[in-house]
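Chemist: The chain contents come next:
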Amino acid sequence: MKVIGPEEIRIDSTLAEEVARRSGENVFLCYQCRKCASGCPSRTFMDSTPTELMRYVQLGMIDEAMKGNTAWFCVSCQTCSTRCPQDIDIAHVIDTLRIIVQEKKIKAETNNIRLFNRIWMIAMKYIGRMYEAGLVGSLNLFTGKPFKDMALGVKMIRKGKIKMIPPIRNPFPTMKMFSRAKGLKK
Amino acid sequence: MKIGYYPGCSLHSTGIEYDLSTRKVCDVLGVELAEVSKWVCCGSSPAHQCDELMSIALPAKNMVLAQKDGLKEVCAPCASCYSRLKVAQERLKDPEVKKDVEHVLAAEVPEDMEILHILDVITEKVGLDAVADKVVQNLGGVKVACYYGCLMTRPPKVTGKRDFENPTDMESVMAALGAEPLDWNLKTFCCGASFALTKTDVVLELTKKILTDAEAVEADVIAVGCPLCHANLDGRQPQINEKFSTDFNIPIMYFTELMGLAFGVKPKELGLFKHLTEVDDFLKERALI
Ligand code: SF4
Ligand code: SF4
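These protein sequence lines are chains A and B, in that order. Heads up: the first sequence is residues 1 to 186, going by the working numbering. Heads up: the second sequence is residues 1001 to 1289, going by the working numbering.
Hint data in this document are derived by calculation from the structure and do not stem from the laboratory. Take the hints with a grain of salt, since some may be wrong.
What the hints assert, rightly or not - Derived DSS-like pairs: lysine-lysine, alpha-carbon spacing no greater than 27 Å straight-line:
hint, chain 1, residue 1, chain 2, residue 2
1, B, Lys1099, A, Lys176
2, A, Lys155, B, Lys1284
3, A, Lys125, B, Lys1098
4, B, Lys1093, A, Lys176
5, B, Lys1266, A, Lys155
6, A, Lys125, B, Lys1099
7, A, Lys159, B, Lys1243
8, B, Lys1093, A, Lys186
9, B, Lys1093, A, Lys185
10, A, Lys104, B, Lys1098
11, B, Lys1098, A, Lys176
12, A, Lys185, B, Lys1099
13, B, Lys1068, A, Lys125
14, A, Lys182, B, Lys1038
15, A, Lys125, B, Lys1093
16, A, Lys185, A, Lys107
With the hints as extra help, turn the sequences into a complete structure.
Modeler: As structure tokens, this is what we get:
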């Protein structure tokens, strides 16, 4: 076993600071009680637990925090944020990690969520409302699974639940919002 | 009573029967729903996962539109829309966030807009006595598992709910209709809705757990208050049966549909035949249609 001396231990708080700046959440308040991990419905799909994820952010372990699948399997159910004794909004921290990965175009195990989000936001910008047929269609096309959920989709169309024509009502307000937001980020 | 109505995208498509039944029920209860004119999508899960600013600006846009219509209260039947509107309000308390959002909107965001879920309108604004008064067809002890999912109650800092781990509002409404609400474990467990189209495996696993628990307490029907939960629980049963060799065939109904039935609204007007897991046989068996 290799013994590590204090001079070799480096804690980089850049990531924690960035999370705090963007979300207002202080990850250093986490004392690893594991309440978030024990209630997480998505835990079995994740590489690490939400508790471990909090530690990675505290220690600045960027690869573990950002590149693994943990953040990308969070279903945003808010159970952790509800139960944390330190009142940390863990789901918000996770959203923030995901946003950083997407903005900085970091390679990560996002599966097709990054793509899904992009398609959605494009629809938001130009249509202002969600349009299921187009969303599912383009997602399946880009992921190379054109027949995914086909039976379900056909049933929904038959029941008059999915409209094939996009609901364009008043596209300009959202386009303007997106361009002003872009101006702000620069 | 007049109240703003924000249907959201799902209620115009996959959750059409929720929209139909909500409107009918409010009609019976004397609640006038004024749809927010030219409303835009709240951004839902994708927005908060990829763009913090827009995830607040999109719901805020709807508050601005509601104010233009002269509305002071807005209700949303979709738990996700409701949550995004509430979260936006919470985050807008930060002056810097507010400044940025108002720049994006080129408008001031109203501070005193009251955001409600449709269940809150029924329990808090209308009241259970008024609901019981309108019952013409008692639900005859139908066993209902009331399912809230995540966002109707969580996180309490945002929703202001007290019984967030074990909410009972929907149960009270069901009891007022003559149904028998059941005690069960997974009423606030997540169905995985935000991954409905991207990580279907997760959805199937989580939804299976919910159905299993409802079956264990011998529920006749699961009542829901969210179009995303409904789409999963109602639409994914065949896929779950195939994957886990189960044979679920549990009717999943919006609590507003059950209210409509008890109020004597015609099944077709409630959209009862639009379900993917058919409810007709169950309702006929119980002589409810
Ligand atoms: S519940 Fe809060 S304090 Fe406990 S491990 Fe999770 S983040 Fe840390
Ligand atoms: S919000 Fe995400 S991390 Fe938290 S309990 Fe739910 S799935 Fe797990």
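Chemist: Taking the hints in turn, state whether each one holds.
Modeler: Okay, the hints, checked on the actual structure:
no. : hint                  : in the structure
1   : B:Lys1099 to A:Lys176 : 17 Å, holds
2   : A:Lys155 to B:Lys1284 : 23 Å, holds
3   : A:Lys125 to B:Lys1098 : 21 Å, holds
4   : B:Lys1093 to A:Lys176 : 24 Å, holds
5   : B:Lys1266 to A:Lys155 : 23 Å, holds
6   : A:Lys125 to B:Lys1099 : 21 Å, holds
7   : A:Lys159 to B:Lys1243 : 24 Å, holds
8   : B:Lys1093 to A:Lys186 : 24 Å, holds
9   : B:Lys1093 to A:Lys185 : 20 Å, holds
10  : A:Lys104 to B:Lys1098 : 25 Å, holds
11  : B:Lys1098 to A:Lys176 : 18 Å, holds
12  : A:Lys185 to B:Lys1099 : 13 Å, holds
13  : B:Lys1068 to A:Lys125 : 22 Å, holds
14  : A:Lys182 to B:Lys1038 : 23 Å, holds
15  : A:Lys125 to B:Lys1093 : 25 Å, holds
16  : A:Lys185 to A:Lys107  : 22 Å, holds
In summary, the structure agrees with every hint in the numbered list given earlier.
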